[in-house]
Each structure stands twice: as C-alpha cells, then as structure tokens.
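> With the hints as extra help, turn the sequences into a complete structure.
If you're matching them up, the sequences are chains E and S in order. Quick note on numbering: our numbering labels position 89 of the first sequence as 89, and the sequence is numbered without any gaps. Each position in the second sequence, counted from 1, maps to that position plus 1000 in our numbering.
Since the hints were derived computationally from the structure, they do not count as laboratory data. The model shown is predicted, which means the values in this text are computed figures rather than measured ones. Don't take every hint at face value.
List time: in silico SDA-like cross-link candidates among lysine to any residue, alpha-carbon distance up to 25 Å [stated by the list, open to error]:
| # | chain 1 | residue 1 | chain 2 | residue 2 |
| --- | --- | --- | --- | --- |
| 1 | S | Lys1105 | S | Arg1016 |
| 2 | S | Lys1348 | E | His118 |
| 3 | E | Lys105 | S | Arg1016 |
| 4 | E | Lys85 | E | Ala123 |
| 5 | E | Lys322 | S | Asp1130 |
Under 10 Å between C-beta atoms, here's a sample of chain E residues computed to sit facing chain S [what the hints assert, rightly or not]:
| # | residue |
| --- | --- |
| 6 | Lys117 |
| 7 | Ser157 |
| 8 | Asn219 |
| 9 | Ser311 |
FRET-style restraints, in silico, Cβ to Cβ [stated by the list, open to error]:
| # | chain 1 | residue 1 | chain 2 | residue 2 | range |
| --- | --- | --- | --- | --- | --- |
| 10 | S | Asn1280 | E | Glu318 | 27 to 37 Å |
| 11 | E | Ala40 | S | Ala1373 | 37 to 47 Å |
| 12 | S | Arg1225 | E | Asp135 | 28 to 38 Å |
| 13 | E | Phe198 | S | Glu1174 | 20 to 30 Å |
| 14 | S | Ser1309 | E | Asp135 | 13 to 23 Å |
| 15 | S | Glu1121 | E | Ser63 | 54 to 64 Å |
| 16 | S | Arg1305 | E | Ile120 | 39 to 49 Å |
| 17 | E | Ser38 | S | Arg1305 | 39 to 49 Å |
| 18 | E | Thr30 | S | Asp1176 | 33 to 43 Å |
The beta-carbon is built from N, C-alpha and C at its ideal position, and this holds for glycine as well.
Number of protein chains: 2
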Amino acid sequence: MAKKNNSRTNNSTPQREMNSTDQKTMAALTGLADQIVSAAERGRAPHLDIPSRSLSNVRYNSSKRFIEMGSGKNRRELFNLSQAKSYMQTVLVSSGCKQLIEEDKSTSIRGLYYLLKHTIEGAREETFDDQSDCDPVIEDVEVTLNTLREELHVYASNRGSMVGNITLIDSGDEIDCSRMGSGGYSIPSIVEPEVVEFHKCDAKFVLHVEKDTVWRRFNEDKFWRKHDCILTHGGGQPPRGVRRLLHRLNHELQLPVYCLLDNDPWGYYIYSVLKQGSINLAYESRRMAVPNARYVGLRSKDYERCGLSPSVTINLSETDIKRAKQIASYPWFEKKKPWQKEIEQMLKNGFKLEVEALISKNISYVTEEYVPARLNDQDFLD
Amino acid sequence: MAKKNNSRTNNSTPQREMNSTDQKTMAALTGLADQIVSAAERGRAPHLDIPSRSLSNVRYNSSKRFIEMGSGKNRRELFNLSQAKSYMQTVLVSSGCKQLIEEDKSTSIRGLYYLLKHTIEGAREETFDDQSDCDPVIEDVEVTLNTLREELHVYASNRGSMVGNITLIDSGDEIDCSRMGSGGYSIPSIVEPEVVEFHKCDAKFVLHVEKDTVWRRFNEDKFWRKHDCILTHGGGQPPRGVRRLLHRLNHELQLPVYCLLDNDPWGYYIYSVLKQGSINLAYESRRMAVPNARYVGLRSKDYERCGLSPSVTINLSETDIKRAKQIASYPWFEKKKPWQKEIEQMLKNGFKLEVEALISKNISYVTEEYVPARLNDQDFLD
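Here it is, written out as structure tokens:
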C-alpha cells in the first residue's frame, strides 16, 4: 500500500531521477540549508536575506516592459525574538518543498500548510496558526530562491480552458486541442515545460477572452478554426497557470496574444496584470508577464462605433471612477496616449460596456464581426 | 461575414435540421405562444400558469428520494397592472430561447439578458432593468415548459474537470479521458446527450471530489487507473453541468457515484444537493439528483480512527453549528441514524476536518490508504 513517509521523517526516501528543473530547485533548497549549517559551524548566528516584497521595492522596468522587484532585502535572524518564528517557518516551508520534489509529488498551498502544521515538540506553539501564516512564507521562499511556486511543486487552483490548433504533451499524454469538443482542455496550474510540452502548433495567434461564457461563444462558432488560432480564458482574473501558459505561448512559440476584455476598470486591470505583471507578485513577472500582449477588448468608442443601445450600458460606480483614475496613473499606462484617451472617454461616457453587450447586435456579432474587424484593421491598444 | 439576424426580427431565419430534444423544446415554446394566440382569438384575457417555486411548493419525495416541486401554480395575466410586465418578460424570454434554438446557438444567462434588453417601443420602460430581473424569468420558463435551462440553449458557467476510463463524443470530437494529462477534460455546462455522448466506458465507479486541488492529487497518483474509475470535481458546490453529468453517469451507465467531501456542514450540504437536489432548483432534481450517491468523505470519527493531530482540526464557528443542526433536520437526513450520529459527533468534537488535513499523515495517504480502505470496507454514508 502507501509508502510510509511521515512528513517529519523523510530521510529514507530513495533519490529519484530528477529533471533539470527539479535538480536546479533542489540545489537552491539545499544551498539555503548549507548556509545555515555553515553559519552554525563557524559559530555565527544563522540568518536569511529575504528580498523585500513591499511596494517600495517594486518598480516598472520600462525597457523590459514589466513590473519587477528592486534589490531591497530584509534580514531574518534565528537569534532574534521577533524573527525566530518566521525564520523557523521559512526553513520549514523549504524543507516541505524539498520533500515534495524528492517524492515527485505536488500539492496546493493548503496542502503544504497541512503537511507542515504541527505543535512544536516540547512547546505549546503551533508551527503555523492558520494558512494566512503560511502563504506569505511560501512567497518568501519563492523569491529568496528565485524560483516559481510551481517549481517548488506547489500549485494554485486551476481555472481556465483552451482549444485551438495546438497539440500538447501533458504528463506524457498527447492533447490535441483542436479535438476537445465543447468543454476544452482544462489548463492546469503547473504548465512548466517538464509537465506541458508544446508538440505541434499551427496557430497564428492566441485570443484570450475574459470569461468562460464568452469563450464558449467563440468555441461554438469554431472561431479558432476559421482564424487559425488558440482560444483561452481565465475565468476573470486569470490564475497563475493561465498567465504562465500565455507567457510560454508568446515567448517560446512567438504567438501574438490578443486579449478580449470588458470596457471597464476590471478589464483594464486584467490586461495590466497579463501584460506587465502585478505589484503583489512582481518577482514572477519575468516568467509570467506578456509585455507584447495587445488589447482587443471593448473600447469606449464602441458605443457609437457599433451603434449600441443605451439599454446595454452600465453606469460607472464611484469605485469604478476611482479605479479608472488609478489605472490611468500607472507608470505603464501614463505615457500611452491611446490608453489615456480610452480611459478619459470611458469617464466621459459615464458608463462601462461588457463584451456580452455585443449580443444585442446579434448572437455571433462578437465572433463574426467585432473581433475579425479589430484584427483585420490591427485596431488594438498596446 | 455575419448573418444579419437582429434579435427582434428573426422571422427570416431558415429552419435547420433539429435534433429530437430541440424539436421537443421548440414544440413546448410554440405551444406556449399558441395558447396566447388562441386566447386572443377567442377574446379571452391571455394568461400563463407558472408552477410556483416557493418553499411551500417544494417537498421531499421519499420514494423517488429527491426534492421535487408540488403542483402549485401562479397565474400571470396580461391584463393585470401588477402582472403585465412579468407576463411580457416571460413571453420575451421564451421568444429569445426560440431564437437560440432556431439558430442552433447557445448563450449564458447574461447573454440572454443582453439579447432581450431594450427600451420598449413608444415607452421609456426597459424590458429588464438588470440581470436579476431576467434570471427568475428564465427559471419560470424552464419550469413552465418542463425543460432544463440547457435545453433552452442557455448555459451556466463551467467549472469542474474529469479524467478516467471513459471516452466521450463531445460535439463530434472523441475525448479519451484516460489521456488528458494533468489538466483533464473541462466539463462543459451543457452535457445533454445531443452534445456529450458516452462512447466507451471501462470505469467501475465515479469518484467525485470537492476541490480541484484534491482532484489533482488523485490525478497525479493515477488513482483512476489503479482503481478503474472516473475522477471528477466541481470546484466546491458543483455547477449544473457537473451535477447533470454525474446524474447521467449514474443513470445511463449504472456507475456508483462516491463523493469525497470535507467533514463540515458545507461538505454535508454539497452531498445533500448532489444526492437529493436543492430547494431552489427543485424542478431540476429529476434530471440532476443522484439519489444513489454515497458519501466517502471525511468522517467525524476520523480524528481518532486516522490518528490525526489536533493541529489540523478547525474549530466550528457559530454559523457552522447552526448549519449543522439545520442539515441534521432535513427530512432526508432526519431518519438516517448514521447521518444523525455523524453530525452529532462533529458537534461534540467541536471541530471540522478538511480532506487536505490527511496530508499531515503523508502526501498520498488520501489516495493510497484512506479512500481505498473506505471503498474496500464499503464504509460510507448513504
């Protein structure tokens, strides 16, 4: 039956043949441990230098065109009453990830929390009080070791589907995304090259749509077949797996990525994260951002251009107005006149427009007229 | 380019070859319209009799073992000031669904709302003020015509994935669920036999797990291959498509359905809805409930039985306690002693247990020991 691996006593796990990513991550993890041992042997107080994830250490790199972290670091010391616990937690999470890689298994952030949660021997203290205690430590380890969470064998929830003219090898299975029916291929959380390999691709571009319901319209109309493309969605703000996959499709296969999003601050923000990365996860931009992404979503001028009815507009709320102004002042939007004009026009309109509103023209207007016209005229925002 | 179908003038749409479900639904829709015409011709005030969806018209049918609607109906009249608008909305939604079926297209409830929303000619009145105005009317039409939303070509959002020893035909594509890699087949919202056909099935049962993260553990460990089964999840409370698919797998292929859910009121509730249907959507139980489903989720006795650490327990909140008592008093749980004992024990424990907590034993404990032991001992709740 099951291997009897206790989470705290896994020294006996036999070494498996590791792929190169796992070898690299493992080296980083053991490097971290070696530092501690060597500090102890030299009679020095062990410490970890954790890159700072605070706002002040995040900046927009205009040549790379994404948000990245600065070089600021915070020292975390074992022999410091206020830091000892988080020091210990950092080492504990690292050892949990080491165990996952050794066993060639992966788990969710919740799973890792449960794997490591226990009462500290001889004390009444818990390693973690709850998951919110553990999650930031996972991010600390990611950033300290310069790895992605997925490389540490920890996954986020998966959401998002894909169809189109591409064949993948996922965990050894050949997945032909042009033969996936109405449901599509469910984009997993971990899409690193060791798990998901691009096998054959005839697509000329990727159309990423915001919502699964809009994605379904495009799939039903076999848009991807007519236009030779790949069709993805991320169920709103796309999860890590979808972002990483779009990054890989763009960087490895040189496929342009077009984003069909709503004409509202939330749509703008999704675009911003897809393209430049997010402030919270700035250390991941390098592997997730798609600086060449293009916005083919609804535009503030579409009310007039498409002759939409006032019935399908939605009035901007106070929050919408505030968010829109914030987004307009992002350094990466600030100097782009078309974006400034776009946001200004939305504020002037006083309303937002969802992609679904185009259905008031006719059911397939979005797949048969709107998007083809935008692509044909190269009419998108950068 | 696009067919020029305006949503309000679609009389010219050529008739397509319809499958039998579409023919049936179409007959129900035109039957509704014919009633109105005939009332008008006889100089009578047109009305609709809408089955009542109120709590008082819902009951548990202990021989069918699911929640169903009673025979109560509400009359909706055109020549009644307080009912005229909702009468008109009901007819409008019916005509929108007719258009969808005629064009062989489907849309989301949001799409249908946009399709039908407009200012009424010669008035300042909108057909619908917002979507919450339209959604209950869709349910009215479903229940009046005795159809499922999916048969009206309206879909919910899709969530949930599947892998295992089954091959489907989805919209003409053959989907071999045993070769779907780490991502799996994304379960669509519409899984009616006209869209999703069961082609070949070697599986002996279905294991439905609550969360995608747990599903992934089972998929990584290829549980479905070892145990010859189908593995599904519904991302929490399963959406309509997942429920309907489980119903079909159970009723058409006679596969037992086992549900791996958390030992908490939410897990119990998910089980209750999967098995007996929900109060809100009682009219759908007949097509969605799985009265033979079995609970193999975490049990209140597992804290002791599995030797779990107090670290992984989560204290019950006030809301949890209230919900647990409510669930214990459901007519379909009320007379089941094992369920009463189960809920009583949880309340006595004072804590709940998530499936992920088993990872504290070891990463694959749930796939290699827990579930195999439950299945082997036929140790589940009914």
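> Next, verify each hint and record whether it holds.
The hints, checked one at a time:
1. For the suggested pair Lys1105/S and Arg1016/S, the alpha carbons sit about 12 Å apart, so the restraint of at most 25 Å is met.
2. Distance restraint check for Lys1348/S and His118/E: the Cα-Cα separation of roughly 23 Å lies within the 25 Å cut-off, and the hinted pair is therefore satisfied.
3. Straight-line distance between C-alpha atoms of Lys105/E and Arg1016/S comes to about 51 Å, which puts the hinted pair past the 25 Å bound.
4. Restraint check: the Cα-Cα separation between Lys85/E and Ala123/E comes to about 13 Å, which is no more than 25 Å; the hinted pair holds.
5. A distance of roughly 23 Å separates the Cα atoms of Lys322/E and Asp1130/S; the hinted pair therefore holds under the 25 Å criterion.
6. Given hint, Lys117/E at the interface with chain S, holds; its Cβ is 5 Å from that chain's nearest Cβ, closer than 10 Å.
7. The interface hint given for Ser157/E is met, as the beta carbon of that residue sits about 5 Å from the closest beta carbon of chain S, less than 10 Å.
8. Because the closest C-beta pair between Asn219/E and chain S is about 9 Å apart, less than 10 Å, the hint holds.
9. With a least beta-carbon distance of about 5 Å to chain S, the hint placing Ser311/E at the interface is held under the 10 Å criterion.
10. Against the hinted window of 27 to 37 Å, the Cβ-Cβ separation of Asn1280/S and Glu318/E comes to about 32 Å, which satisfies the hint.
11. Between Ala40/E and Ala1373/S the C-beta distance comes to about 43 Å, which sits within the given range of 37 to 47 Å.
12. Roughly 33 Å separates the CB atoms of Arg1225/S and Asp135/E, a value that falls within the hinted 28 to 38 Å.
13. For Phe198/E and Glu1174/S, the Cβ-Cβ distance of about 22 Å falls inside the hinted range of 20 to 30 Å, so the restraint holds.
14. At roughly 20 Å, the beta-carbon separation of Ser1309/S and Asp135/E lies within the given 13 to 23 Å, and the hint holds.
15. For the pair Glu1121/S and Ser63/E, the beta carbons lie near 57 Å from each other, so the given range of 54 to 64 Å is met.
16. Between Arg1305/S and Ile120/E the CB atoms are about 25 Å apart, so this pair departs from the stated range of 39 to 49 Å.
17. A hinted range of 39 to 49 Å holds for the C-beta pair Ser38/E and Arg1305/S, which are about 45 Å apart.
18. For the hinted restraint 33 to 43 Å between Thr30/E and Asp1176/S, the CB-CB distance of approximately 40 Å keeps it satisfied.
The structure shown violates the earlier hints numbered 3 and 16.
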